[in-house]
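**Student:** Per my numbering, the very first residue in the sequence shown carries number 6; after that it's consecutive.
Please note: incorrect hints may appear among the correct ones.
The calculated lysine-lysine pairs, modelled on BS3-like cross-linking and capped at a C-alpha distance of 30 angstroms, are [claimed, not checked]: (1) Lys-96 x Lys-29; (2) Lys-31 x Lys-13; (3) Lys-54 x Lys-13; (4) Lys-33 x Lys-117; (5) Lys-117 x Lys-41; (6) Lys-41 x Lys-13; (7) Lys-41 x Lys-31; (8) Lys-33 x Lys-13; (9) Lys-41 x Lys-54; (10) Lys-29 x Lys-13; (11) Lys-29 x Lys-41; (12) Lys-96 x Lys-31; (13) Lys-41 x Lys-96.
Rather than coming from a laboratory, the hints here were simulated on the basis of the structure.
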Amino acid sequence: MSNLREMKCIPCSGEVPPLDIVLKRKLKDEIHLEWKFTHNETRLRRELKLSNFSEALELANLIGALAEEEWHHPELVIGFGHLDIEIWTHKIDNLVESDFIFASKVDQIIEKVNFVK
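Turn these sequences into a full structure, and let the hints guide you.
**Tutor:** Dropping the structure here:
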């Protein structure tokens with residue numbers, strides 16, 4: 006298992022090629038099982054169930070702070086009792102290693118808050 010949580014996201018200039026499918030699947034095995042591939046395996050998505058809107062908002066704010074720190078920004082959808090997270094590298098519309106690094110760090114935040122159902 007790699008140390009994704011200890012790595013830093015690298016801002017994409019648009020010149021980085023997407024990961025091949027074999028490496029995508031290998032890296033996916035290193036993040037939480039609830040992450041799923043979407044959009045023909047070009048994005049990662051995790052749907053969280055929470056008790057209320059306040060928890061979803063608090064978690065979204067923590068993920069937002071991480072996004073600013075790592076300079077890697079996910080799509081977040083907040084609603085009553087849920088938070089949906091979608092990650093990909095927008096400049097190439099696909100996945101690179103930084104997307105898996107970010108997902109791993111999101112997993113760490115989720116573990117710490119301890120209110121995900």
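**Student:** Now tell me if each hint is right for this structure.
**Tutor:** Status of the hints after comparison with the structure:
1. Lys-96 x Lys-29: Given that 30 angstroms is the threshold and the Cα spacing comes to 18 angstroms, the pair holds.
2. Lys-31 x Lys-13: Holds. Lys-31 to Lys-13 sits at ~19 angstroms (cutoff 30 angstroms).
3. Lys-54 x Lys-13: At roughly 28 angstroms apart (the allowed maximum being 30 angstroms), Lys-13 and Lys-54 satisfy the hint.
4. Lys-33 x Lys-117: 21 angstroms, holds
5. Lys-117 x Lys-41: 21 angstroms, holds
6. Lys-41 x Lys-13: The given pair, whose Cα atoms are some 22 angstroms apart, holds under the 30 angstroms limit.
7. Lys-41 x Lys-31: 13 angstroms, holds
8. Lys-33 x Lys-13: Holds: Lys-33 and Lys-13 sit about 17 angstroms apart, inside 30 angstroms.
9. Lys-41 x Lys-54: Cα-Cα ~15 angstroms, so holds.
10. Lys-29 x Lys-13: 18 angstroms, holds
11. Lys-29 x Lys-41: The hint holds at about 11 angstroms.
12. Lys-96 x Lys-31: 23 angstroms, holds
13. Lys-41 x Lys-96: This hinted pair holds, its Cα atoms lying about 21 angstroms apart.
Every hint, counting from the list given before, is met by this structure.
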